[in-house]
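Q: Spelled out, the chains give:
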Amino acid sequence: MSTLEETAAGVREALPGSEVQLERATEVMTINIGPHHPATHGVLRLVVQLEGEVVRDLYPVIGYVHTGIEKSCEDKSYWKVIPFVERMDYVSYYFQMEAFCGAVERLVELQIPERAKALRVIHLELNRIHSHLVWLGTTALDLGAISMLWYCFRERDKILDLFEMSGGQRMHTRYFQVGGVIEDVPLGWEQKLRRFIADMPVRVEQYMALLDRNEIFLNRTRNTGVVPRDRLLELGVTGPLLRAAGEPWDLRKVFDYLGYGRYDFRIPIGTVGDNYDRYRVRLAEMVESVRIIEQALDGLPEGPFIADDRKYVLPPRSELSTSMESLIHHFKLVTEGYRVPPGELYYAIEGPRGELGCFVLADGSAKPARVHFRDSSFVNLQAFRDMCVGGYVADMIASLGMLDPILGGTDR
Amino acid sequence: MPDAAGLELIRAEIAEKHPGAVPATSFEHGQAMLVVDPEQVLEVLRWLRDTPGQEYRFLSSLHAADYLPAEPRFGVHYELLNRDRVERLRVKAVIADPPGEELPELDSCVELYPAADFQEREAYDFFGIVFRGHPDLRRILLPDDYVGWPQRRDFPVGGEPVLFTHNEHETAGGDS
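Just so you know, the sequences run in chain order A and B. Counting in this note's numbering, the first sequence runs from 18 upward without gaps. Counting in this note's numbering, the second sequence runs from 2 upward without gaps.
The shape of chain A in the complex, shown without the other chains (with noise of 0.2 angstroms):
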C-alpha cells in the first residue's frame, strides 16, 4: 500500500495538476459461459455479470437441446410414450417411467402386483445411486479430483450390468410398464445385486476417504453456495439441495407410493446448506438407498410380475399361440393402445434431483391430450442465481456442480 501511495506522490509532484486515483477502477462485465463448457454438465449457458472475480448477476438460458419430448408424447399411445419419456432426464430414466407409468395406473385404476412394486423400488433405487455417482464424479472432476470420476463410474458400470441383465439395454431400459415391469429378474441377478450391495457402502466410504480430508475439496464447497431453507422453500426447491439446508422433506416418506413405507430408511438432512452439505447428503442417500434396496431383496414377494389385466397388460407371448383371445388381445393392445377413460392427474415421486411429477391429461382417446413433467432441475435452476450473486466466479463453478441440473430434464 505503502509503495503505491508513494508512486501516487510520485507522479503528483512531476506532473503537477494530475489527478491520481488510488481506489481501484473496477468495472461490470458480462461473461457468457458456455453453452459448451465442460463445467455446465450439459448444454446450459450462463450470462454471468462479473465485477473482477465477484459474480454480480447472472441468468441461466436453457433450451439448447429442446427436442418436443412432451409434444411428440401426445401423437404417441400410452405404451409408446414410455421409452419417450425416459430420454428426458436422461441420467434417471426409471424414475421418468415411474412417474408416467404411475400417473397412467392411478388414472385407469389398475393395481400392481406386490413383486412388481418391490422390483420397481429395487431398479428406482439402483437408479438413484447410478444419478448421484455420476453427479458426484462430474462433481468432483469440475473441482479438481480427477480420480474420483474413474472409482464412480466403476461403480455405475456395475449397476448398468445389471440394469442390462434385468431390462436388456444399459440405459433407456423401458423396463416399467403400465401393470408392473416387463420381464421378472433373471436368474443369477439376485446374488449379482446382492454383491454389488455388499460391496456399495465400503466404496462410498472410500470416496468420503478420499474427499472429506482433501483441503481443497473443504475450501470449495464449504461455505459457498449457502442459500437459506425458507429461501429455497419459496423458489419450490425440493430434493438433497433441501434436505442440505436442514428440511427433512422427502415424497418416500410423505406419500408412501410403492409401498416405501414399509422400508426402514432415514433422511439425511444437513445444517449450513452449503455446498458441503450437499455433498454429504448425497452421499448418505446412497447408502440409504443400499438399505432400501437390500430390505426390498429380503422381501421380494413371489408371484406376478405385471398386472393381469388384458385391457391393459399384454397377454403372455407363450399363450399367443394356443388362445385366440390372447391373440386379439395382443394384437389390439399392440396396434391400437388402450383407451384411457378422460381425466387429469398429477402424480409426483422423489426422483434423485428432487419432486419429479407426471401430469397427465386424457381425453377418453388412446393416446395422452398432455403429458407434462415437473422435472426437478428445471425448478431448482431457479435457486441458482441466489447461491452464486456475491460469491466468487470459482464457487460458481462448484455451486452449479452442487446443484447437480441435467439439462435433458429442464429442457425436454
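Worth flagging that the hints you see were computed from the coordinates, not collected in a lab. All figures in this text were calculated on a predicted structure; none of them were measured in a lab. A few of these clues could be false.
Listed next, with one range per pair, are the computed distances between beta-carbon atoms [to be verified]:
hint, chain 1, residue 1, chain 2, residue 2, range
1, A, I284, B, D155, 43 to 53 angstroms
2, B, Y147, A, E44, 26 to 36 angstroms
3, B, E40, A, P218, 30 to 40 angstroms
4, A, R248, B, R140, 35 to 45 angstroms
5, B, P100, A, G69, 26 to 36 angstroms
6, A, V78, B, F165, 22 to 32 angstroms
7, B, T166, A, I163, 33 to 43 angstroms
8, B, L10, A, T339, 38 to 48 angstroms
9, A, P333, B, E29, 30 to 40 angstroms
Glycine included, each C-beta is placed from N, C-alpha and C at the ideal position.
Using the hints provided, position chain B relative to the given structure of chain A.
A: Coordinates of chain B only, in the frame set by chain A:
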C-alpha cells in the same frame, strides 16, 4: 389431500370472501381440484396461501394444458402443497381463447410463489398464455424469434421442417 367434503368446505369459505371465484370443484382419483375464475385466481391463491388452516405455501408445479375442442380452451394448473399436513390441492384456471391474434391472459403469481417464474415462462412459451405482471416474460426453451405456440393442440406434430445445412436459409428460424 382434502377429501370431497373438505373441498366443498374450502369452496364455501372462498365463496364468502370472493363470490363467484370458484365456479366448480372436482374430486377424481383421490385428487382435489378447484376450478377458479381466471380474473380472481390471485385472490384465491392468496387466500389458500395465507388463511390459517389452509396454508398451501408450496407451489409444486405450474403447467398449462389445451382442452381443445372444449370451451373455454386453456387450463393453467397450480399444484399446491401443504407440507405440514401433506395435502395437495390443484387449482385450475380456465381461460378462453380470445378471437383473432390476441393471446389469452392471466395474472402472474410470481409475487405469491416465486417458484412459478420459470414455469410461467414455459406456459407462455408453449401455449401463448400471457402472465400479466411477470417480471421477465420471455420464451424459455424455444428460441426468442420462434413464431407460434407449439403445445397447442391445433399446432401439428412435425409442423416444423428440420433444419439442415442445405435448407437453413430457406427455413424460418434459421440464419439466413
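Q: Each hint needs a verdict: does it hold in this structure or not?
A: Outcome of the hint check:
| no. | hint | result |
| --- | --- | --- |
| 1 | A/I284 with B/D155: 43 to 53 angstroms | holds (45 angstroms) |
| 2 | B/Y147 with A/E44: 26 to 36 angstroms | holds (34 angstroms) |
| 3 | B/E40 with A/P218: 30 to 40 angstroms | violated (56 angstroms) |
| 4 | A/R248 with B/R140: 35 to 45 angstroms | violated (26 angstroms) |
| 5 | B/P100 with A/G69: 26 to 36 angstroms | violated (54 angstroms) |
| 6 | A/V78 with B/F165: 22 to 32 angstroms | holds (24 angstroms) |
| 7 | B/T166 with A/I163: 33 to 43 angstroms | holds (37 angstroms) |
| 8 | B/L10 with A/T339: 38 to 48 angstroms | violated (56 angstroms) |
| 9 | A/P333 with B/E29: 30 to 40 angstroms | holds (32 angstroms) |
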